[in-house]
Amino acid sequence: MSFAAFSKDFTSNMFTSVENQFITKYLPQADGDAVRVYLYGLYLCQISADFDAPTCAKLLHLSEQKLVDIFKFWEECDLVRILSRDPLFVEYLPVHAAAGRPKSVRPEKYAAFNRALYQLLQRAQKDFKPYEMQRILEFLENNPMEQEAFLLVVEYCVRKDGEKLSASHVLNKAAKLVREHKYTYEQVEADLADFNTREKELSRLFALLNLYKKPQDADYAFLEKWTNLGMEQGAVTACAEALGKGSLSTLDALIEEVSGKGYLSEHDVREYLARRKTLTDVVYKVARKLGVKIANPRAYCEEYAEKWLERGYDEESLTLLAAYAMKLSYGFPELDNLLDTLYAAGIVDEAGVKAYCAARDKQLRLLQRIQTVCGVVRKTQTALDMIETWRSWQFSDEMILEAAKRSASAASPLPYMNKLLSEWKREGVFTVAAIPEKASAQTAPKQFTEYKSEAAISADARTERERYYAPLRRRAIAKAEQAIAAAEKDEQFAKAERAIKKGEIELAKAELFAPETLPDLRAKLQEARRARSQAMTRLGFTEKDFTPQYACPKCSDTGFLPDGKMCDCYKRS
Numbered sequence: 001m002s003f004a005a006f007s008k009d010f011t012s013n014m015f016t017s018v019e020n021q022f023i024t025k026y027l028p029q030a031d032g033d034a035v036r037v038y039l040y041g042l043y044l045c046q047i048s049a050d051f052d053a054p055t056c057a058k059l060l061h062l063s064e065q066k067l068v069d070i071f072k073f074w075e076e077c078d079l080v081r082i083l084s085r086d087p088l089f090v091e092y093l094p095v096h097a098a099a100g101r102p103k104s105v106r107p108e109k110y111a112a113f114n115r116a117l118y119q120l121l122q123r124a125q126k127d128f129k130p131y132e133m134q135r136i137l138e139f140l141e142n143n144p145m146e147q148e149a150f151l152l153v154v155e156y157c158v159r160k161d162g163e164k165l166s167a168s169h170v171l172n173k174a175a176k177l178v179r180e181h182k183y184t185y186e187q188v189e190a191d192l193a194d195f196n197t198r199e200k201e202l203s204r205l206f207a208l209l210n211l212y213k214k215p216q217d218a219d220y221a222f223l224e225k226w227t228n229l230g231m232e233q234g235a236v237t238a239c240a241e242a243l244g245k246g247s248l249s250t251l252d253a254l255i256e257e258v259s260g261k262g263y264l265s266e267h268d269v270r271e272y273l274a275r276r277k278t279l280t281d282v283v284y285k286v287a288r289k290l291g292v293k294i295a296n297p298r299a300y301c302e303e304y305a306e307k308w309l310e311r312g313y314d315e316e317s318l319t320l321l322a323a324y325a326m327k328l329s330y331g332f333p334e335l336d337n338l339l340d341t342l343y344a345a346g347i348v349d350e351a352g353v354k355a356y357c358a359a360r361d362k363q364l365r366l367l368q369r370i371q372t373v374c375g376v377v378r379k380t381q382t383a384l385d386m387i388e389t390w391r392s393w394q395f396s397d398e399m400i401l402e403a404a405k406r407s408a409s410a411a412s413p414l415p416y417m418n419k420l421l422s423e424w425k426r427e428g429v430f431t432v433a434a435i436p437e438k439a440s441a442q443t444a445p446k447q448f449t450e451y452k453s454e455a456a457i458s459a460d461a462r463t464e465r466e467r468y469y470a471p472l473r474r475r476a477i478a479k480a481e482q483a484i485a486a487a488e489k490d491e492q493f494a495k496a497e498r499a500i501k502k503g504e505i506e507l508a509k510a511e512l513f514a515p516e517t518l519p520d521l522r523a524k525l526q527e528a529r530r531a532r533s534q535a536m537t538r539l540g541f542t543e544k545d546f547t548p549q550y551a552c553p554k555c556s557d558t559g560f561l562p563d564g565k566m567c568d569c570y571k572r573s
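Terminal number for the sequence shown in this note's numbering: 573, no gaps in between.
These are calculated hints, taken from the structure and not from any lab test.
Errors might be hidden in some of the hints.
No more than 25 Å apart at the CA atoms, straight line, and that leaves these computed lysine-lysine pairs for BS3-like [claimed, not checked]:
1. Lys405 with Lys419
2. Lys307 with Lys289
3. Lys293 with Lys245
4. Lys213 with Lys225
5. Lys126 with Lys261
6. Lys245 with Lys261
7. Lys200 with Lys213
8. Lys489 with Lys509
9. Lys200 with Lys289
10. Lys261 with Lys307
11. Lys524 with Lys509
12. Lys129 with Lys160
13. Lys307 with Lys327
14. Lys176 with Lys200
15. Lys164 with Lys72
16. Lys495 with Lys479
17. Lys554 with Lys479
18. Lys544 with Lys501
19. Lys245 with Lys277
20. Lys109 with Lys25
21. Lys289 with Lys261
22. Lys182 with Lys213
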């Protein structure tokens, strides 16, 4: 670098010289963007400031790719030499007859081609730039593709892209065909016919997947991949129909799953998908009955549902068992263990499952009655098995409940109940009246009084208050809602009610944005209220009927006054 340089102000006052040969020989065949890029690059050669290609492209409102394409055009004219493409670095060459001469293409050679090309471009309402036309002619000069074959490529791109047609797309498609050694009209026609067939297939798959877009070049790779897997076209269609919506990626994942299991024909795939849907439906129905949320049912299908169906359990039987299992707070693993037990016992058919569930429901109802007496008995399979055993001892529900009453104060009520019932069985006592007098007085040993802190006592008291007030409040609200629901069945009342709600919203908006409309809106609202009042009178309702009538008007059945103090209406049980 020299020890001296121009200042920025000095440089801005200098001139950029352009040789006349550039104006006479090269400028007529270049478009405006190409001339701008050449002149600005010539100017940059004379200043010492750092100026990269992205900055130049942004300043000239061009893309970086177009900037590179323009310099490639000038390189073909021997006016510049591209030393590096990334990053872009260009060396300007002198403009004179010996070194810089435009690449000539004989016009008569491409006269018919140009006429046909312009007709195709007019169909797309598109016009290529001069340098783009130059690139097309140079492509034909440098490659063995026939002109008619190239026009076929242009026609395909016009039909596919319409107004979005670009010379780059045409050249890229033609270059791809050249790489595949397809030069003649017949070869290109056969390739594009196959391409059109695949495009129709993709469009059909898009419709099945509810995709509203045109197929892109990258989408055709999926078709090629599925063909290489050996999938029949009907099998791919069956997979798309099974999905109903999604993308080609989700369809590809399903096809990989299906092909991984060895199903390639349409018949086999449809059978597999039908089986897959059955398993999925079973999993979702069982999950709903169990109260379990699942994101991906596939793992549950493979681990549970497939085994259950293979053992002979149908969907209805599994739903019944899941409803029973939910009462015991079971999940999928516990339900699976229950089904293993039932299968080992030979309970498989629908009748057997219904009988089992009916018996268990009776045991559950009895267990709930035992819970009412004892309070600390959990709903478990063990507890139900004990009830089943007691019934097998010929004890009635009355005797079992009598044992529960005598075990209420025990630390573990069920074991104590089992002890009492086993003694009565040994003594042959099967009715309450037959219980010996000594046994009648027999009760479970008292539990030690549990210590409770003041916080626990306060919490218990608060819970008791809530239990007292909740039914009262719920009953008052339900009565008001019932009256409103009955009134809304009347068309006149419902219409007036809707008009009032709408009018109140419009009135609030008008107060801010359109005060001049307030009188009309108030009149309409008043009319709607009058119609509502008439309908209420006809139906025998008053405004009081639509408002909850609480037992205590002071606290509205909440237990607390507006100042936060407890209400004196609370009655201890």
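Status of the hints after comparison with the structure:
| no. | hint | result |
| --- | --- | --- |
| 1 | Lys405 with Lys419 | holds, 13 Å |
| 2 | Lys307 with Lys289 | holds, 19 Å |
| 3 | Lys293 with Lys245 | holds, 22 Å |
| 4 | Lys213 with Lys225 | holds, 21 Å |
| 5 | Lys126 with Lys261 | violated, 50 Å |
| 6 | Lys245 with Lys261 | holds, 23 Å |
| 7 | Lys200 with Lys213 | holds, 13 Å |
| 8 | Lys489 with Lys509 | violated, 30 Å |
| 9 | Lys200 with Lys289 | violated, 44 Å |
| 10 | Lys261 with Lys307 | holds, 17 Å |
| 11 | Lys524 with Lys509 | holds, 15 Å |
| 12 | Lys129 with Lys160 | holds, 20 Å |
| 13 | Lys307 with Lys327 | holds, 23 Å |
| 14 | Lys176 with Lys200 | holds, 21 Å |
| 15 | Lys164 with Lys72 | holds, 23 Å |
| 16 | Lys495 with Lys479 | holds, 22 Å |
| 17 | Lys554 with Lys479 | holds, 19 Å |
| 18 | Lys544 with Lys501 | holds, 19 Å |
| 19 | Lys245 with Lys277 | holds, 15 Å |
| 20 | Lys109 with Lys25 | holds, 21 Å |
| 21 | Lys289 with Lys261 | violated, 31 Å |
| 22 | Lys182 with Lys213 | violated, 29 Å |
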